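Novice: Chains as they are written, first to last, in this note's numbering: chain X, 1 to 694; chain A, 695 to 1388.
Calculated directly from the structure, the hints in this document are not laboratory data.
Quick caveat, the model's predicted, so the values are computed rather than measured.
Misleading hints may appear alongside valid ones.
Below are the EDC-like pairs computed for lysine to aspartate or glutamate, each with C-alpha atoms no more than 20 Å apart in a straight line [said to hold, decoys possible]:
(1) K310/X <-> E367/X
(2) K727/A <-> E158/X
(3) K33/X <-> E158/X
(4) K1004/A <-> E1079/A
(5) K33/X <-> E1254/A
(6) K310/X <-> D949/A
Given next are the chains, with one letter for each unit.
Protein chains: 2
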Amino acid sequence: MDHETIAGTRGDLAALFDPRSVAIVGASDDTSKWGNALAQRALAAPGPRPVHLVNWRGGSVLGRPALRSLAELGADGEVDLVALCVPVAGFLDAVDDALAAGARALVAITAGLAELGPEGARVQHEAVARVRAAGAVMVGPNCLGIHDSTTALHLSSETLAPGHVAVLSQSGNVVIDLDDLMRQAGLGISRFVSLGNQADLTVVDLMGACVAHEPTRAVAVYAEDVVDGRGFVTAARELDAAGKPVVLLAPGRTDAATRGAASHTGSLTSATRVVDAVCAAGGIHRVDSPVQMVDVLAVLDGPRRGAGPKVAVVTDGGGHGAIAADALGAAGLHVPLLSPVLGEQLIGALWAQSTASNPVDLAGFGERDLFSYGRAIGALLDSDEVDAVLLTGTFGVYSGLGTRLAAPELASAHDITARVLGQDKPFVMHSVYAGSPPAGVLRDAGIPVHRDAGRAARALAATCGQLAASRFDDLAMPLPVAALTSTGYPEVRAVLAAAGVPFPTAAVVHDEDGLRAALSAGAPAYPVVLKAMGLLHKSDAGGVVLGLRDEVSAVAAYRELVLRLAPPAVSVEQMVNTAAGVEIIVGSRDDPRFGPVLMVGLGGVFTEVTDDVAFALGPVSPRTATELLLSLRGAALLTGARGRDPVDLDALATVVARVSCVAAEHPELAELEVNPLLATADGVVGLDARAITR
Amino acid sequence: MDHETIAGTRGDLAALFDPRSVAIVGASDDTSKWGNALAQRALAAPGPRPVHLVNWRGGSVLGRPALRSLAELGADGEVDLVALCVPVAGFLDAVDDALAAGARALVAITAGLAELGPEGARVQHEAVARVRAAGAVMVGPNCLGIHDSTTALHLSSETLAPGHVAVLSQSGNVVIDLDDLMRQAGLGISRFVSLGNQADLTVVDLMGACVAHEPTRAVAVYAEDVVDGRGFVTAARELDAAGKPVVLLAPGRTDAATRGAASHTGSLTSATRVVDAVCAAGGIHRVDSPVQMVDVLAVLDGPRRGAGPKVAVVTDGGGHGAIAADALGAAGLHVPLLSPVLGEQLIGALWAQSTASNPVDLAGFGERDLFSYGRAIGALLDSDEVDAVLLTGTFGVYSGLGTRLAAPELASAHDITARVLGQDKPFVMHSVYAGSPPAGVLRDAGIPVHRDAGRAARALAATCGQLAASRFDDLAMPLPVAALTSTGYPEVRAVLAAAGVPFPTAAVVHDEDGLRAALSAGAPAYPVVLKAMGLLHKSDAGGVVLGLRDEVSAVAAYRELVLRLAPPAVSVEQMVNTAAGVEIIVGSRDDPRFGPVLMVGLGGVFTEVTDDVAFALGPVSPRTATELLLSLRGAALLTGARGRDPVDLDALATVVARVSCVAAEHPELAELEVNPLLATADGVVGLDARAITR
């Protein structure tokens, strides 16, 4: 995380996004080269910004005289931004020339650096050092360029539709995909930066540069590696606070996707559930495809009050209402039964055949009175009973039939649009006639219109669901304390106990005399447990003997344990009855990108049946720990189910938070785990603990 | 299930699908009436089939003379098929007239019958009786018509694209939706029947009529109610055996969808997991939306070897490979690592920068050699390591750029097409350029092409996954045995025990003397359990006392139980140690449409944590019971996890099958349940049982 120290200091990237002039080093007439594509696009860009073409052969490029080197520019030809399209062999020299010519920003297209191996990484590292020493910044290397439609800076190979979404991407093809989909959805791109190897400027710096960028209303990130995980969360929060949602496409839910990303950019991919935890912490909308990304951006571009999973479905009949309700359910949203009061109000706006239970089915009344759509939608948007409205079916059908209903249908579309824009809840339409003029009225007003109800439902879910899950612990990392001298069980247990994690009375003994002494002192009291030290997984290795009720059996068990496993020491501990409580796993793992990540889950026999775990960036507050615990599918075990006593949830959450703090204070630990942590109505107690250093 | 007796006897519906002549009763010049739309479409249909228009006013309709009644036709004007578009008040008379005129098939558009209430149901019932007495058949009432593109029978309001898919639907709007989507996918409709109230002909009869219908290659069903559940499964199996896949869109995964369907057609919706079990039993592909239905039909229309979840992803670079891998994973498919041998073969066909781990990333080589796409795809289709191939990315990009690569790209599309059609595995393409000429080459050849990789993945999953899950028990219902005289615990237990379900030794006692006698006879032996009779949920009501080790404690517990609950009797039973085994729930519920449906799941404490249950149509064989048990997420508990002994799975499966058989033999039971059924390494034993009559 060597970028952490400089994150946030590069908010003003004017030389990058709005340079007074640009130069393309490696400009070429050869259409198979990037130096050709960038030069063509830069020359075609509107506006008076000077463009200098540099080619070591000199002569002309694209019909304009080319410089042999930037040095030829002279004192009055100062360039702010230099794009480097040179072979890797000439990369460092080109960096030097650009810095010597006064460049304050570099866009390094050159490939063959860190993504190919150690030698490339060395050259890349050297380039970054020189750039930073000169007080400049660099995008890339191994990137595809930069584009800012708000300053007419066109330095990428694609022609991008202008708009309000900043796109930061590690994939050029994904940007082509997004641009095409955004055009269809009436959206466009304010800025595009191809991130490449993120050697100097990372996605975090570039997100930071969007906070104050007025024309940018949302930020779309395709990242296989966010480099500085904590900075990423902070930047996302700053954007969110500025009213600019962040939408993240980060493949890696499957091993195959991780392989794909690794082969593509050599990126270090975090576990997908860690990324989910990051999104929860940063208020980020995570999506799984370019299609979903644009669908979500379209919803976020419209009215949106924010959190809330309750959706009303309006349909003009047929099975579309039921199908949409299932689609919303599959996306994790709710289609609640409406109150009788609201139902009567709706029926009053419709006719007797209509149903108002949700789905609200006009049942043919739309044909009688096309403004019934608007009335029903308006009543639902005005009501507190739902958070969003989905219209599904065949709205727009009459415009194609050329009947007398075409004109009122178009007027109805304007009526719906006015009602939607006059309030603050999300509204999405699905129609078989998504391409019809009435649908066009909605789309032109920025209302999402889909041909597939599933897409409409998933887009709503990604906007409603995610916000509700946001967790806003401050995530400040504590100062490191003295590193553990050993990760032996007694030491790990001791540091946790000192932090307030309760453990049963125990003594570490090295021989039979020691065992007898501890037992006769009554510390621990019977029944006791023996644990062989020096084994990472004591239970699995048969290193734990339970239920010893007197000295004779304890000594016999001790002898057997020593004979079988020859442990360096044995811990003798007071036995706890696990049947009376719920076994929990609490662990923290140091993620290479995001630092300590906390996991809580159901332990014991449940781990075999259900992968019921939850993650959050650590350290967490007891409040977040409570939220995590209650988010488990088996939370009923904690809150009291089937006449069972509820566990002491406050005590449990406090201990979970403490474990996450200990992990954060010990950066030398790769993993720290208390498992099982027994939770009962009377409190919690750790029954085992382990740690692994990096 | 009053249709069961006639299912299968109506396979030849020639008068319905290929009538010698048709009549439309209620034909009208009023464009707001169905009698206008049907008459227009019937008159516009190609071919020589006579069309008779009937309107009680006589005169002319659509410029042609109209009959006042069918009786005017006379002896030589015999009509095979009559469409009834009359108000409900004239419905029965119109039925009589049609039958008197010799009609052998009726299509009843008339609405306002059973879907509105008991009086309508009475009229509908009477109509069916008259139709059947005359040896005729009826579609509807409350339907939207019928269409057969293979016989030029156009008797619905929509103009449908001809093709090879039979569409049977309870929603007209869904058919409009499907028709539009099928056109986009290059598919079309062989037959469409609007099912309406299914008063006479049901979806089952109409599926049966497609088995031998040569032009129909697949059957798409939108049903909110299949009326005859067992017949539905049988018909689906017959179609499957004839090589005609059945794709089912049946909303109802959520309560809201069930409400929507109920308000739409008044249908009786089965629980969604029952429908899933039906699909498994019938080899039916279940989908959730019209979009997915057409996507799946498109995959099924191409080469398909059948079962298999392993998919190779081929991409031309960028993040599309990783995104597609995640999409396939989300859809339940696998993207396996390829063998080194296959990897070398692929790299040999590509270049050194390419990766062949899966995703297979051409990494720019596609631009060098456009035929590398075909070579890579061909090698994967030929290999045994994958069951299907997905191409994702930007194939087709060059055709739009007008460069020298446009021609080879088009040739490459033909190369890919030839390779795909020359074998039997599914192949699907996603491309940003799904509308390009090269993509068109594939689409014209019937290869699915998508703009959204998620759709491509879900379509593959619905075809690959579902077949693998098919269960082919014969589902024959046993003859009913003598009905239970009582559903008291001892009687239910006795009938199960007689069928071979083991229970602990027990005695039913009515007083202290009886208790003492049973205990002193040693039947049961100590420790014993007391259970108060007459309570459906004994444990929840505190009617069970465990762990009584001698007569004194047993008698004391008996007195307390009698004092507190005053049960009619008490069962004293040998206690079983549940800690040594796994608690299972086995139940059967009589579904109103599908008959006995078996459920198995994890019981005890797991029911609070995980809804881990599996369903199948009963009665099941021990083989299917084993499959169900092993399909549980917590199956590891049964097969031995963490050093625990595996349970006797054969014994468990046998008992599960026996419970399903007892339920099937007792049609008077609405529910039958053994819970818990304790499974150990040594066998199984039922610890409680209950039944509910209808």
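Novice: Next, verify each hint and record whether it holds.
Specialist: Do the hints match the structure? See the list:
1. K310/X <-> E367/X: violated, 28 Å
2. K727/A <-> E158/X: violated, 53 Å
3. K33/X <-> E158/X: Distance of about 14 Å is within 20 Å: holds.
4. K1004/A <-> E1079/A: With a Cα-Cα distance of about 8 Å, the restraint between K1004/A and E1079/A holds, given a limit of 20 Å.
5. K33/X <-> E1254/A: Between K33/X and E1254/A the Cα gap is close to 92 Å, so the pair fails against 20 Å, i.e. violated.
6. K310/X <-> D949/A: holds, 14 Å
Consistency with the previously given hints fails for numbers 1, 2 and 5, ordered from lowest to highest.
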